[in-house]
Every structure is written in structure tokens, then in C-alpha cells.
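Taking the hints into account, I'd like the entire structure generated from these sequences.
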Amino acid sequence: MKIELREDFIKLGQALKAAGLVGSGIEAKIVIQDGEVLVNGETDTRRGRKLYSGDVVTYNGEKIEIV
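Be aware that the sequence shown starts at 0, since it is given in numbering that gives the first Met the number 0, and climbs by one per residue.
Just to be clear, a hint being listed does not mean it is correct.
Stated by the list, open to error - Below, computed lysine to aspartate or glutamate pairings styled on EDC-like, alpha-carbon distance capped at 20 Å:
#1 Lys16 / Glu64
#2 Lys28 / Asp43
#3 Lys1 / Asp33
#4 Lys16 / Asp54
#5 Lys10 / Glu61
#6 Lys62 / Asp33
#7 Lys62 / Glu3
#8 Lys49 / Asp7
#9 Lys49 / Glu64
#10 Lys49 / Glu61
#11 Lys1 / Glu41
#12 Lys1 / Glu61
#13 Lys16 / Glu6
#14 Lys1 / Glu64
#15 Lys10 / Asp43
#16 Lys49 / Glu35
#17 Lys49 / Glu26
#18 Lys10 / Asp54
#19 Lys10 / Glu64
#20 Lys16 / Asp33
Said to hold, decoys possible - Label-pair ranges, simulated between beta-carbon atoms:
#21 Gly34 / Arg5: 24 to 30 Å
#22 Leu4 / Arg45: 25 to 31 Å
#23 Glu61 / Gly24: 17 to 23 Å
#24 Glu61 / Ile25: 17 to 23 Å
#25 Arg5 / Val55: 24 to 30 Å
#26 Leu4 / Glu61: 25 to 31 Å
#27 Asp33 / Glu3: 23 to 29 Å
Calculated directly from the structure, the hints in this document are not laboratory data. Glycine is no exception: its CB is placed at the ideal position from the N, C-alpha and C atoms.
See below:
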């Protein structure tokens, strides 16, 4: 799945919601803080992590490419 940036970046929690992988911001916060989300292959527990074009997010077997 790809998410096209409208701004310079998108935050990690917003990206999970936009991709439909979580149902709410609260759910995004929980899975991120629990270490279930990878950014470019590394665990990141910051919901506000800024994602830029070229970043890849992995959660629950799903990949999101930021373009």
C-alpha cells in the first residue's frame, strides 16, 4: 500500500489510520507504544514520528510506502 504525501511529511499514527490498519488514533497510539510498528525496519514507539517520502512502515504483516 502507498500513501501519497500532501504535505512535507505525515506522522506515524496518521499514516496507520490513513492506511486503514487501525480504527482510531487511540488504537494507533497503543500499537506504536507496544513496539508493534516498524519504520524502515526498526521499531519506533513515537506516534508523532515524522515520515517522509521513501519511508516504509510495517505493521501486522502489512507494508505502507510513503511516496
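Hints and how they fare:
Taking the CA atoms of Lys16 and Glu64, the gap is about 14 Å. The hint holds against a cut of 20 Å. With a CA separation close to 11 Å, the supplied pair Lys28 and Asp43 stays within the 20 Å bound. For the hint linking Lys1 to Asp33, the alpha-carbon distance of about 24 Å lies beyond 20 Å, and the restraint is violated. A distance of roughly 16 Å separates the Cα atoms of Lys16 and Asp54; the hinted pair therefore holds under the 20 Å criterion.
Proximity of Lys10 to Glu61 is assessed by CA-CA distance (about 17 Å); at most 20 Å being required, the pair is judged to hold. Our distance criterion of 20 Å between C-alpha atoms is met by Lys62 and Asp33, whose separation comes to about 18 Å. For the given pair, Lys62 sits about 14 Å from Glu3 by alpha-carbon distance, which is consistent with the 20 Å threshold. A C-alpha spacing of about 9 Å is found between Lys49 and Asp7, which places the hinted pair at or below 20 Å, so the restraint holds.
A hinted pair counts as satisfied when its Cα atoms are at most 20 Å apart, and Lys49 with Glu64 qualifies at roughly 13 Å. Note on Lys49 and Glu61: the hinted pairing holds, with a Cα-Cα distance of about 19 Å set against a maximum of 20 Å. Distance hint between Lys1 and Glu41 is fulfilled; the C-alpha atoms sit about 19 Å from each other, no more than 20 Å. For the suggested pair Lys1 and Glu61, the alpha carbons sit about 11 Å apart, so the restraint of at most 20 Å is met.
For the hint pairing Lys16 with Glu6, the CA-to-CA distance comes to about 16 Å; that is within 20 Å, so the pair holds. Taking the CA atoms of Lys1 and Glu64, the gap is near 5 Å; set against the 20 Å cutoff, the hint holds. Between Lys10 and Asp43, the direct Cα distance comes to roughly 12 Å. Compliance with the 20 Å bound is thereby established for this hinted pair. A hinted pair counts as satisfied when its Cα atoms are at most 20 Å apart, and Lys49 with Glu35 qualifies at roughly 17 Å.
Restraint check for Lys49 and Glu26: the C-alpha separation of about 18 Å stays at or below 20 Å, so the hint holds. A C-alpha spacing of about 11 Å is found between Lys10 and Asp54, which places the hinted pair at or below 20 Å, so the restraint holds. The straight-line distance between the Cα atoms of Lys10 and Glu64 is roughly 13 Å, inside the 20 Å bound, and the hint therefore holds. Between Lys16 and Asp33, the direct Cα distance comes to roughly 16 Å. Compliance with the 20 Å bound is thereby established for this hinted pair.
At about 28 Å, the beta-carbon gap between Gly34 and Arg5 stays in the expected band of 24 to 30 Å. Checked against the hint of 25 to 31 Å, the C-beta distance between Leu4 and Arg45 comes to roughly 18 Å, which is inconsistent with it. The hint said 17 to 23 Å for the Cβ distance between Glu61 and Gly24, and at roughly 18 Å that hint holds. A C-beta distance of roughly 19 Å is found between Glu61 and Ile25, which places it inside the suggested range of 17 to 23 Å.
Between Arg5 and Val55 the C-beta distance comes to about 19 Å, which lies outside the given range of 24 to 30 Å. A C-beta distance of roughly 19 Å is found between Leu4 and Glu61, which places it outside the suggested range of 25 to 31 Å. Range check, Asp33 to Glu3: about 28 Å between beta-carbon atoms, so the 23 to 29 Å window is met.
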